[in-house]
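Undergrad: Here is how the chains run, residue by residue.
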Amino acid sequence: MKRRAWPWALAAGAICALSLAPFAWLVLTSFKSAGQVTAIPPVLWPGGGLELYRSALSRFGLMHFVLNSLLVAGGTTVISLTLGTGAAYALARLDLPGRPWLMGALLLVSMFPQISLAGPIWRMLQSAGLLNTHLGLIIPYVTLTLPLAVWILTSYFSELPRELEEAALLDGCGRLGALVRVVLPLAGPGMFTAAILVFIYAWNEFFFALLIMTRRSVQTLPVGIALFQGQYTMPWGEIAAASTVATVPLVLLVFLFQRRIVSGLSAGAIKG
Amino acid sequence: MSGLIIDNLSKSFGPERVLEGVGFAVEQGRLAVLLGPSGCGKSTILRLVAGLEEPDAGSITLEGRDLAGLAPKQRDVAMVFQSYALYPHLDVAGNLAFPLRMQGVARAEIQAKVTEAARLLGIERFLGKKPGQLSGGQRQRVAIGRAIVRSPALFLFDEPLSNLDAQLRGEMRLELARLHRRLGTTMLYVTHDQTEALTLGDVIVLLDQGRVQQIGPPGEIYQRPANRFVAGFLGFPPMNFFAGEIVGREFVCPAPAFRLELADPPPPGPAVLGLRPEELSPGPGALGGSLELIERVGGQSVLHLSQGEARFTATAPAGFAAPVGEALSLDPAAARPHLFRNDVRIN
Numbered sequence: 477m478k479r480r481a482w483p484w485a486l487a488a489g490a491i492c493a494l495s496l497a498p499f500a501w502l503v504l505t506s507f508k509s510a511g512q513v514t515a516i517p518p519v520l521w522p523g524g525g526l527e528l529y530r531s532a533l534s535r536f537g538l539m540h541f542v543l544n545s546l547l548v549a550g551g552t553t554v555i556s557l558t559l560g561t562g563a564a565y566a567l568a569r570l571d572l573p574g575r576p577w578l579m580g581a582l583l584l585v586s587m588f589p590q591i592s593l594a595g596p597i598w599r600m601l602q603s604a605g606l607l608n609t610h611l612g613l614i615i616p617y618v619t620l621t622l623p624l625a626v627w628i629l630t631s632y633f634s635e636l637p638r639e640l641e642e643a644a645l646l647d648g649c650g651r652l653g654a655l656v657r658v659v660l661p662l663a664g665p666g667m668f669t670a671a672i673l674v675f676i677y678a679w680n681e682f683f684f685a686l687l688i689m690t691r692r693s694v695q696t697l698p699v700g701i702a703l704f705q706g707q708y709t710m711p712w713g714e715i716a717a718a719s720t721v722a723t724v725p726l727v728l729l730v731f732l733f734q735r736r737i738v739s740g741l742s743a744g745a746i747k748g
Numbered sequence: 361m362s363g364l365i366i367d368n369l370s371k372s373f374g375p376e377r378v379l380e381g382v383g384f385a386v387e388q389g390r391l392a393v394l395l396g397p398s399g400c401g402k403s404t405i406l407r408l409v410a411g412l413e414e415p416d417a418g419s420i421t422l423e424g425r426d427l428a429g430l431a432p433k434q435r436d437v438a439m440v441f442q443s444y445a446l447y448p449h450l451d452v453a454g455n456l457a458f459p460l461r462m463q464g465v466a467r468a469e470i471q472a473k474v475t476e477a478a479r480l481l482g483i484e485r486f487l488g489k490k491p492g493q494l495s496g497g498q499r500q501r502v503a504i505g506r507a508i509v510r511s512p513a514l515f516l517f518d519e520p521l522s523n524l525d526a527q528l529r530g531e532m533r534l535e536l537a538r539l540h541r542r543l544g545t546t547m548l549y550v551t552h553d554q555t556e557a558l559t560l561g562d563v564i565v566l567l568d569q570g571r572v573q574q575i576g577p578p579g580e581i582y583q584r585p586a587n588r589f590v591a592g593f594l595g596f597p598p599m600n601f602f603a604g605e606i607v608g609r610e611f612v613c614p615a616p617a618f619r620l621e622l623a624d625p626p627p628p629g630p631a632v633l634g635l636r637p638e639e640l641s642p643g644p645g646a647l648g649g650s651l652e653l654i655e656r657v658g659g660q661s662v663l664h665l666s667q668g669e670a671r672f673t674a675t676a677p678a679g680f681a682a683p684v685g686e687a688l689s690l691d692p693a694a695a696r697p698h699l700f701r702n703d704v705r706i707n
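Protein chains in written order, with my numbering: chain A, 477 to 748; chain B, 361 to 707.
Just so you know, these hints were derived from the structure itself, not from any lab.
Note that the coordinates shown come from a computational prediction; the quantities given were computed from them, not determined experimentally.
For glycine and all other residues, C-beta sits at the position ideal for the given N, C-alpha and C.
You can trust all of the hints, since none of them are fake.
Just the calculated beta-carbon pair ranges, DEER-fashion: (1) R735/A with A526/B: 35 to 41 Å; (2) D367/B with L559/A: 43 to 49 Å; (3) G383/B with V554/A: 51 to 57 Å; (4) M600/A with G496/B: 56 to 62 Å.
Every beta carbon over 12 Å from chain B, so not counted as near; a handful from chain A, in silico: (5) R480; (6) W482; (7) L504; (8) P522; (9) L533; (10) L546; (11) A566; (12) N608; (13) R692; (14) A722; (15) T723; (16) F731; (17) Q734.
If you only want the chain B side, here are some residues facing chain A, beta carbon under 10 Å, derived: (18) R407; (19) L412; (20) V437; (21) M439; (22) Q442; (23) Y444; (24) P448; (25) L450; (26) F458; (27) P459; (28) P512; (29) D518.
For reference, chain B alone in the conformation it holds in the complex:
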């Protein structure tokens, strides 16, 4: 059974078209990540599902129920906000109990559920404190706790980790993954951080300018990007693009000048070749350039090369050393080729 089905959703704010015919489905119990640059409409989708905004067109179905026209409280969804949105006048226990009290749950049961959620998230010690006395990470836990106490049919996360520092973000990411496995509830998670998307998502919905660009499991989206936008958005350092032409079984690039034999060539004609930097390493090969800069990024070195006006990047092991300004050759045949024509994948 499908958990959440979103069909042909459109939304404008005044003259600005924010979403245009967005559709995707999330299977029951799966975690779907809405990924995209800021302003792509991903948060709007979340707000539409929550009932905080009304769609112009399209439908949202949760576990077989059409959500159209239902007030937020009737939808059986819980949301974790980017700003946490904890109630400042209530202590942590009061925050956790709030949704249960609104549902008219018996006092003893509220007590039990609050205690359990607090234990699950390791915030028992803070139950008597006000949100203002907590650190960012602790507030985040309380916000998640407030969402899970009432066991909703769907969780909505709106960039929940973006206000945390890098280390805490890593920890919370793992914890969210663990929590999801444990609760087994359908989740919709909005982020602009591709690491979060790739590590947390069972499925990723990649959005740009209010349209779905690609839907698929993280591996597939990374390995077979459907168009140039997806190819350029995922991966760091970003993918290299070379404009050229497919001639027979070869891709011919004028600048930087190189040829690449294709194992499974698409029909001939102009094309853009994409090569991921992490699959391009120094060694004997057809792609040459002069080394401009070595960027040391922890476990690897990012090499910035140029040939004439053209610039591209490659990677090498952390200890890699080469004189800057000298020529360096790379082997494009070692990398998996991504070919695009009119920005759409053709291989």
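In isolation and in its complexed conformation, chain A is listed as follows:
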């Protein structure tokens, strides 16, 4: 067994190295000095310390974008999960006619190419006066992430034994009480998976953010970083530093909760 394992390990290692190489280069670049960034031939080992981070913070207002991103991604996650929980519970538990069709329709919504939605969404936000507001970005994000949240949560709720809710109903709860006191405490892993995936989507999203947030004061990280670029300058170093700041928290989050995410995603796949 062991002898056969090493070619696979080698292949896996190679693939990992290949996928991680750009990210590693980015991180290395972020620690270089301004001169090293554009040096030819390229310098591999950085020697600039936190110089570029300081510059990204002070000259480009990085923290400002981080704050906007936290606000938008956080808001999206909270709203998407609140709505998704209600919808998913209804889909998992009530005998709704045409349930498979509803689930299919949800999936369909999330399959639309963004570009086909961009026009209508922009017009709607414009007439509602929500362009260049956090809410104006949160609303389309919720629309786009809700199907994902509902699907994950529905499969998770369906897994929970019905008797638990029935016991709660007999023990004095109403439907809502059973949901809050029994189902939600048990649905933790599923809620967490949905939350983190929604958060990552909202944190990374670029297209709508670019379209809707034209004022610098409300832009999120991906758009902000992209617009670091001036008319005649391309501050690669600061972009690298900002991108690292944008990526590392997510990587850590996923690493820490990898197990839960996987178990949440595969809920409903097998009985057990």
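Keeping the supplied structure of chain A fixed, place chain B upon it in accordance with the hints.
TA: Only chain B this time, still in chain A's reference frame:
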């Protein structure tokens, strides 16, 4: 006063008719067992009484209150589920306290009631544990505890012992009987296990295919089954049935060939005679057959006999020995005869 009255209850799931005009009454403080093969609708009755399903027709009255349209929590009933349905995120004390907290009972009183229920069921040691850390028997006790803390008007048990091993099941059966005597609350108990039904029930409601087959105290149902289904369902080994004819004062059976004098003969005509194996023993008598197999079942031996195509069973003491394949005679006159015509009892 009648505790629970169920009248003309019907329920369908889609095209499938699960209950058809089921009616029975349970006196206040009695334990009624709903017994029947799986799929007979007994669990559905329980769910209808609990309010987890709505009946298509019929009424349920508990201590004079019509339960129609009431939410489960308004019915004042507690249920013990087959799967126990303990709340996994709460410890044992939390599980026991849950229904009381929902009723808004004062904290000190909750504490007192939880402690008392735990003591009654011998689970004080586990109060701080989560259900996942308990054995099946302990979980069962917690589930019963959660039902009794709030002193409901009616207990519902849905095959509560079926997930336990045989020994534990016997113990819990006794304990439930003791608990019932002590609490004196009306109970409705669903099972497919006839031993449970016969030992626990003050009254048994025997169901098959969504209809009540017979209602009565265990002794009566066992000794005077109202129809062939009841006769064949209760008792182990199952009752022997012989198809034949009543001629004058005799029952005449062509296969296996024997005649039986009847003390109180019903009108003549075709009939089916039922004889319980435990009342049939080897000895001089009219029913002969060849011994095919002796099954040793602890305290007794079950004898499997045949005569031509016909097969029947009898019982003998544990130490009974006879050569297999040889002829053996039984005395049908020693057994109480059960006579059926068109599957309905006629004697």
